[in-house]
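Visitor: Sequence:
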Amino acid sequence: MRCLLPALIKVLCCLLVWAAAGFAQTPNPVPFVNQPLLPTAVAPGGPGFTLTVNGTGFVPESVVNWNGSPRATTFVSSSQLTAAILATDIAAPGTASVTVANPPTIGTFNVSTSVPLPITVASPSVTTTHRDIDAGG
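First residue of the sequence shown: 238, per the working numbering; consecutive thereafter.
Any given hint might turn out to be false.
[Stated by the list, open to error] Distance windows between CB atoms, simulated:
#1 A372 - T287: 52 to 60 Å
#2 P353 - P307: 13 to 21 Å
#3 N304 - L275: 28 to 36 Å
#4 E298 - A359: 15 to 23 Å
#5 F269 - A324: 26 to 34 Å
#6 P276 - E298: 23 to 31 Å
#7 T345 - S314: 21 to 29 Å
#8 A280 - P341: 16 to 24 Å
#9 T357 - N271: 43 to 51 Å
I should point out that these hints are in silico values taken from the structure, not numbers from a laboratory. Ideal Cβ placement from N, Cα and C applies to all residues, glycine included.
Please model the complete structure; the sequences and the hints are all you need to start from.
Guide: The following block contains the structure:
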């Protein structure tokens, strides 16, 4: 029994170190998306484009979702991602829902709140200027 005690202690120590390493993982943060998205709006029927998403809590494995479907995402930094949006995504007018998902370290995905992106025809705008006119004497 005495000879087995040191081996048993070594095994228990190894198990404790292994278990502690597994529980020491830091969970991925919940991402937060800042407004506005870039571009701020797109025209329906246009070509595909690159969407820039600014925010916080992004990790290299973060994924931009377009109406709940993942899009090819590039990690720029912990505060910026870009995503390839397809022409078929903007074929018709409407409003897209953009979210960012971080994969789980343990448990479920961390998903940002939804940010809207209008798919609409640009409306004309009226610009006024101020000009002083001398009335003369």
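Visitor: Could you run down the list of hints and mark each one as holding or not?
Guide: Here is how each hint holds up against the structure:
The hint said 52 to 60 Å for the Cβ distance between A372 and T287, and at roughly 54 Å that hint holds. A hinted range of 13 to 21 Å holds for the C-beta pair P353 and P307, which are about 18 Å apart. Between N304 and L275 the beta carbon distance is about 18 Å. The supplied range of 28 to 36 Å is therefore violated. Checking the proposed 15 to 23 Å range against E298 and A359 shows it is violated: the Cβ atoms sit about 35 Å from each other.
Distance hint check: the CB atoms of F269 and A324 are about 29 Å apart, consistent with the given range 26 to 34 Å. A beta carbon spacing of about 25 Å between P276 and E298 agrees with the range 23 to 31 Å that was offered as a hint. One distance hint, 21 to 29 Å for the beta-carbon pair T345 and S314, holds here, with the actual separation near 25 Å. Our hint of 16 to 24 Å for A280 and P341 is violated, since their Cβ atoms are close to 37 Å apart.
For the pair T357 and N271, the beta carbons lie near 21 Å from each other, so the given range of 43 to 51 Å is not met.
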